[in-house]
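Novice: Here the protein sequences come in this chain order: A and B. If you read the first sequence in numbering that gives the first Met the number 0, its first letter stands for residue 0, the second for the next number, and so on. If you read the second sequence in numbering that gives the first Met the number 0, its first letter stands for residue 0, the second for the next number, and so on.
Possibly wrong hints are sitting among the right ones.
[What the hints assert, rightly or not] Listed next, the in silico SDA-like pairs over lysine to any residue satisfying Cα-Cα at most 20 angstroms (straight line): (1) A:K233 - B:A297; (2) A:K233 - B:R339; (3) A:K109 - A:E123; (4) A:K271 - B:R338; (5) A:K33 - B:T49; (6) A:K51 - A:G15; (7) B:K30 - A:P35; (8) A:K89 - B:V199; (9) A:K33 - B:A44; (10) A:K109 - B:R192; (11) A:K228 - B:H303; (12) B:K30 - A:L148; (13) A:K33 - B:A40; (14) A:K228 - B:A297; (15) A:K228 - B:R301; (16) A:K228 - B:N300; (17) B:K30 - A:A42; (18) A:K33 - B:S41; (19) A:K233 - A:A42; (20) B:K30 - A:L183; (21) A:K233 - B:N309; (22) A:K290 - A:K271; (23) A:K89 - B:T194; (24) A:K233 - B:C340.
Just so you know, these hints were derived from the structure itself, not from any lab. Only a predicted model underlies this, so the values are computations on that prediction, with no experimental measurement involved.
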Amino acid sequence: MTLSREEIATRLEAAGYVADRELAMALWLMDFLKRPLLLEGEAGVGKTEVAKALALVHDTELIRLQCYEGLDQNAALYEWNYQRQLLAIKAREGSGENADAIEEHVFSEKYLLERPLLAAIRRERAPVLLIDEVDRADEEFEAFLLEILSDFQISIPELGTVTARSIPRVVLTSNGTRELSDALRRRCLYHYVDFPDVDREARIILVRQPGIDTALALQVARMVTAIRKEDLRKLPGVAETLDWAATLAGLGVADLRQAPEAVHETLVCLLKTHEDRSRIGREVVDRLLGKVA
Amino acid sequence: MSSEGIGGTSRRQLAGFVRTLRDNGFALGLKETGDALAILASPLASRPGTLQPALKALFCATRSDWERFDEIFQAYWQGRGLRRRQMLTGTASDGSRPQRRLPSPLAGSDIAGKPDHVERGEGPEGESPAEGQGRRGGATRAESLGRIDVRRIADPDEVAEAYALAERLARKMRARLVRRMRARRHGLRLDLRRTIHRSVAHGGTPLDLVWRRRKPKPLRLVILLDASGSMSLYTAFFLRFIHGVVDAFREAEAFVFHTRLVHVSDSLRERDVSRAIDRLALMAEGIGGGTRIGESLATFNRWHAARVINARTAVMILSDGYDTGEPVRLATEMARLRRRCRRIIWLNPLIGWESYSPEARGMQAALPYIDLFAPAHSLESLAALEPYLARI
Numbered sequence: 000m001t002l003s004r005e006e007i008a009t010r011l012e013a014a015g016y017v018a019d020r021e022l023a024m025a026l027w028l029m030d031f032l033k034r035p036l037l038l039e040g041e042a043g044v045g046k047t048e049v050a051k052a053l054a055l056v057h058d059t060e061l062i063r064l065q066c067y068e069g070l071d072q073n074a075a076l077y078e079w080n081y082q083r084q085l086l087a088i089k090a091r092e093g094s095g096e097n098a099d100a101i102e103e104h105v106f107s108e109k110y111l112l113e114r115p116l117l118a119a120i121r122r123e124r125a126p127v128l129l130i131d132e133v134d135r136a137d138e139e140f141e142a143f144l145l146e147i148l149s150d151f152q153i154s155i156p157e158l159g160t161v162t163a164r165s166i167p168r169v170v171l172t173s174n175g176t177r178e179l180s181d182a183l184r185r186r187c188l189y190h191y192v193d194f195p196d197v198d199r200e201a202r203i204i205l206v207r208q209p210g211i212d213t214a215l216a217l218q219v220a221r222m223v224t225a226i227r228k229e230d231l232r233k234l235p236g237v238a239e240t241l242d243w244a245a246t247l248a249g250l251g252v253a254d255l256r257q258a259p260e261a262v263h264e265t266l267v268c269l270l271k272t273h274e275d276r277s278r279i280g281r282e283v284v285d286r287l288l289g290k291v292a
Numbered sequence: 000m001s002s003e004g005i006g007g008t009s010r011r012q013l014a015g016f017v018r019t020l021r022d023n024g025f026a027l028g029l030k031e032t033g034d035a036l037a038i039l040a041s042p043l044a045s046r047p048g049t050l051q052p053a054l055k056a057l058f059c060a061t062r063s064d065w066e067r068f069d070e071i072f073q074a075y076w077q078g079r080g081l082r083r084r085q086m087l088t089g090t091a092s093d094g095s096r097p098q099r100r101l102p103s104p105l106a107g108s109d110i111a112g113k114p115d116h117v118e119r120g121e122g123p124e125g126e127s128p129a130e131g132q133g134r135r136g137g138a139t140r141a142e143s144l145g146r147i148d149v150r151r152i153a154d155p156d157e158v159a160e161a162y163a164l165a166e167r168l169a170r171k172m173r174a175r176l177v178r179r180m181r182a183r184r185h186g187l188r189l190d191l192r193r194t195i196h197r198s199v200a201h202g203g204t205p206l207d208l209v210w211r212r213r214k215p216k217p218l219r220l221v222i223l224l225d226a227s228g229s230m231s232l233y234t235a236f237f238l239r240f241i242h243g244v245v246d247a248f249r250e251a252e253a254f255v256f257h258t259r260l261v262h263v264s265d266s267l268r269e270r271d272v273s274r275a276i277d278r279l280a281l282m283a284e285g286i287g288g289g290t291r292i293g294e295s296l297a298t299f300n301r302w303h304a305a306r307v308i309n310a311r312t313a314v315m316i317l318s319d320g321y322d323t324g325e326p327v328r329l330a331t332e333m334a335r336l337r338r339r340c341r342r343i344i345w346l347n348p349l350i351g352w353e354s355y356s357p358e359a360r361g362m363q364a365a366l367p368y369i370d371l372f373a374p375a376h377s378l379e380s381l382a383a384l385e386p387y388l389a390r391i
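If we strip away everything but chain B, and leave its shape as in the complex, we get (with noise of 0.2 angstroms):
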């Protein structure tokens, strides 16, 4: 396609625009752009009411995308004094709206263009990131910290310690819940192509069978995180061990919830730990006001269930229970999801306490609907979750 006759001005608008949008989070490549130089060669470009939805086919990828586009397209073609941050406000972090996707960390190559407020989040309740160098410790220290209550780990190397091994934690878990599904595949089936083909040798008598698996499908987890206040303990070791499950786990999606629910797999597939963290900081800490659980599955079941939910996903709820909700819409929504997923896990590290017994009222009214009741105060609590997710 032919994009000569084109003035260098418009060449130079046409590659302001892609960077714009680039800083916004689209994923546009050079074979982007060379079509849009084609577009602007053609007829089209005479006129921005034509110009403007051809490009918005173009470039936009996703449902988000789409929803942006004509904004940025008219503050970049009409207002262009308008600034990036500008441009920004009111849509990317719009948390009020939470069944839009958070923008992908890896998305733009310009972290200037991102939101800034990921940036500043300490660690909630003051605890410090773990630098990833808490592999000091042998095996017996693991041990030893595996079975205290993550409450009572205060030593700033020991925290970070049991960060690090709640990481590898999930990824072992994913590792060996592969390997046993490997070994139980059964599901056998003739291939009829291949055994043909091997017949031929035979004069066409079918001696050498060939065999089809079904292919081994991965278990997919969908983790909800309570980061309210009476959490808090809690919260930080947490989301340690869901960024490995996210990292490690092909198919798995978390969310965090306190009066409200946030999607935050995009943010965990950092890398970087400590990065991860951060971004989540400020999103998981709980805004006073309690927990609406009820609401937030609510949400949960209304605007993402259909799309991380299938027959095989196992929901886990990581949760005290400690609900200021009614505890009725807790139960209708519990029910809903109920009907959607396969199991409901749910996790409690106020079972570990000596002399708990659920009697919270959201918990009570959740417990119906609870495939596997069970503590996770400590690392080997989560440990003993792996045979029951083997099983699912």
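This is chain A alone, in the form it adopts within the complex (with noise of 0.2 angstroms):
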């Protein structure tokens, strides 16, 4: 089922994924060139939120893979049930077989546990598989990886190749903690997620908080704007944000102008580290709404 763009942009709008012109192509493209598509940005910029997306936009499972320092084949492909294995061949121990029937027999199907690799390419209808994080991985794991994005088979020796019923979405995230191969990059549609304009995280806020006054939305955006502009160790992602319009919201502030004192004691929201917070002081607060208003 192929959607077309417009109709992609609108349903991902109605996920409550608000997106540009050019995600919204990326996205068509992955299903007209069948291609994965590789993410990078900040953290906090919405990478994994265009994966849940898509899930949505398609109507479809989202099967999503972590990736950590020293993550193996064991947790991303499949794993053997070794409890029931062992008891399995514990409790067979007496009836006579063989050695060889007995291991055909727990070498089957039964006991195989499907790690997100493999639970991807033996779906009926196609989920989105996403790749999180995956410049956490090791630089082997990368080749692995790459063998299964271009072939969609999987051979596990003791049972065989599994080859796919329907070949997955594939979304891949990195947040550039360490290079890609060049081999993967190449093999992949590309985009580049950027902190949101002050329009559109201003979109993102009434789309994902309903309730929420027009202006105060464009006010909070404006004002993250600004402080993402300033020296920060961890600047504040989407999702931050959207926490701190919920707390000013909650606190029932309708003009950041009016309240300077909520506006700093919720920057907790916002700022998570000890540097950052006593960076923006006080004046540094009442210089930035000077701004934004």
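Since each chain sits alone in its own frame, please combine them into the complex, following the hints.
Specialist: Right, here's the structure in full:
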């Protein structure tokens, strides 16, 4: 099933993701060219959200593989259910079956535990496979991933080769903690996710916090954009913006300028290190508020 | 995917566009061109407003590609008379934006498409780049060279030899570090999958236990080289050493700084030593005005640290500590850096001089955050680092 670009854009919006034109295009191209999509960008710009929204757009399952250092095939691909295997072997000890028959039985589908990559290619309906923070995994794993992404088949020595029932839509995200290999980059479509501009961020707030006042949403978006321009260790992401907007709305603030106290006290929602907190003091808040208004 | 129905003109235009992109450092293969033809054959091609983002998603692979694409696209499709050189100005080699990666030496097939300034650089201070032929001396000669302060080596042959030794030293270091790690690894864990597989032969009793070992993680080195005027006697020598390190360690990154910071790993990955050094010569040359260590570190912390530093990273700073910036700034940035990495090693060639004590204000400010403060005026002093690196 292929959706048109307009359809993707409207469905994204309906799924609560406010996308720019280029992202909608990239998501459409994923289907058109059958390539995975690599999303890069700073932490907190909403890369993971793209995959979740894409699953909603195509009304399909989201399978997520979170990468980390030391991630290996057992955790990514498949694993045998050892406890059950041991039990089965013990139970058959007295039955007089020979070793080959027991082995055959113990290494059957029944004892196989699916992990995300295997699960993704065995679904009837193509799921969205999110390979999150691929830069955290080792280089060896990246090479292995490349192989799976091109063949979409997995060989399990004890069981045989599993070919894909459906080709999943693959979204990879990277925070840039490590340089990815050129091979993987070339294999994928690329989209750089930046912090949203003021208008888009305000729209995101409105979509996600439907009860909020439009003027407040705009002010919050402007303020966050201004804060991001300060020299901070960790820039506040979109999730933080949403938290902050919800907090301010909850406190009954209607206009940021009228409530500098509340703004200053609720900045904990945005600034997550001590250093940043002390950098954005009362005077800085006042200065930024002056600009926002 | 069918690409029929596309006129020869469009094909030629696309081929030209792909060539332009390659010249600008995009890594594009046949597969990408094929997919681009498919895009051209689709209704997307009817308007530039849709063609541009489609090709952008397909052709870009890195953030720097992403940032440059629109400009190149417009230059090619809308002002087709523009020359390649013009398109490059102010993009790839813009020094005021150090966070951008330098174009990789291997990425493009056409050298003429590269920014031209790297080719005219001489070695700093007129030092002749060694042609990789300094391997004539025997062991004794190498040994004696090892102890001499690099400043005092004057004979061009000996200079070349010292360079070669510095590179070889870096390679040997890597080999030995890895070997030591292999011998040391203990972390044992039961590999259940294999254990059970073998137990079948014993009727289900796991007699043969299969152990899994933690794979040794190579140490990651990040080197920051001070290339200011006061270091000029040592710069060329250190560049050789760094070239060896970047080439030999799989995970190593190198930066050069004087009044600003430049990321040089890509230029250093050039296999041919003298070409790599040439590429660096201009970047490494101190532009008057002294060193701003604090500011350079700030740039590093802000733009590069998250990407190149992890918990197994040792940061090696090669500098004499003469800082023209504020010592307070340097101290803050050192403290930030300290929190992020495993070890900070500061190599100061001046330590090798008699009667040196770290009195420069910058050096004083940085000292509390340094794990190892060591001399680096000769090959021998560099080699002495190895046991320390092995323990990290």
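Novice: Take the hints in turn and mark each one as holding or not.
Specialist: Right, here's what the structure says about each hint:
At most 20 angstroms may separate the alpha-carbon atoms for a hinted pair to count; K233 (chain A) and A297 (chain B) meet this at roughly 15 angstroms. Taking the CA atoms of K233 (chain A) and R339 (chain B), the gap is near 14 angstroms; set against the 20 angstroms cutoff, the hint holds. With a C-alpha separation of about 19 angstroms, the suggested pairing of K109 (chain A) with E123 (chain A) holds against the 20 angstroms cut-off. A distance of roughly 16 angstroms separates the Cα atoms of K271 (chain A) and R338 (chain B); the hinted pair therefore holds under the 20 angstroms criterion.
The suggested pairing of K33 (chain A) with T49 (chain B) holds, with an alpha-carbon distance near 18 angstroms, which does not exceed 20 angstroms. Under the criterion of a C-alpha separation no larger than 20 angstroms, the hint pairing K51 (chain A) with G15 (chain A) is consistent with the structure, at around 10 angstroms. A C-alpha spacing of about 14 angstroms is found between K30 (chain B) and P35 (chain A), which places the hinted pair at or below 20 angstroms, so the restraint holds. With a C-alpha separation of about 10 angstroms, the suggested pairing of K89 (chain A) with V199 (chain B) holds against the 20 angstroms cut-off.
Between the alpha carbons of K33 (chain A) and A44 (chain B) the distance comes to roughly 18 angstroms, so the proposed pair stays at or under 20 angstroms and holds. Distance hint between K109 (chain A) and R192 (chain B) is fulfilled; the C-alpha atoms sit about 16 angstroms from each other, no more than 20 angstroms. The hinted pair formed by K228 (chain A) and H303 (chain B) meets the criterion: a straight-line CA distance of about 18 angstroms does not exceed 20 angstroms. Of the pairs offered as hints, the one joining K30 (chain B) and L148 (chain A) holds, with about 15 angstroms between alpha carbons and a cut-off of 20 angstroms not exceeded.
This hinted pair checks out: K33 (chain A) and A40 (chain B) have alpha carbons roughly 16 angstroms apart, not beyond 20 angstroms. Of the pairs offered as hints, the one joining K228 (chain A) and A297 (chain B) holds, with about 16 angstroms between alpha carbons and a cut-off of 20 angstroms not exceeded. A threshold of 20 angstroms between alpha carbons decides the hint, and for K228 (chain A) with R301 (chain B) the separation of about 13 angstroms falls inside it, so the pair holds. At most 20 angstroms may separate the alpha-carbon atoms for a hinted pair to count; K228 (chain A) and N300 (chain B) meet this at roughly 16 angstroms.
At most 20 angstroms may separate the alpha-carbon atoms for a hinted pair to count; K30 (chain B) and A42 (chain A) exceed this at roughly 31 angstroms. Restraint check for K33 (chain A) and S41 (chain B): satisfied, since their Cα atoms lie roughly 15 angstroms apart, inside the 20 angstroms limit. For the proposed pair K233 (chain A) and A42 (chain A), the alpha carbon gap of about 9 angstroms is at most 20 angstroms, so the pair holds. Note on K30 (chain B) and L183 (chain A): the hinted pairing holds, with a Cα-Cα distance of about 13 angstroms set against a maximum of 20 angstroms.
Simply put, K233 (chain A) and N309 (chain B) have alpha-carbon atoms about 16 angstroms apart, close enough for the 20 angstroms limit, and the pair holds. Restraint check for K290 (chain A) and K271 (chain A): the C-alpha separation of about 23 angstroms exceeds 20 angstroms, so the hint is violated. For the suggested pair K89 (chain A) and T194 (chain B), the alpha carbons sit about 15 angstroms apart, so the restraint of at most 20 angstroms is met. Our distance criterion of 20 angstroms between C-alpha atoms is met by K233 (chain A) and C340 (chain B), whose separation comes to about 17 angstroms.
Violated hints, listed in ascending order, are 17, 22; each of the other numbered hints is respected by the structure.
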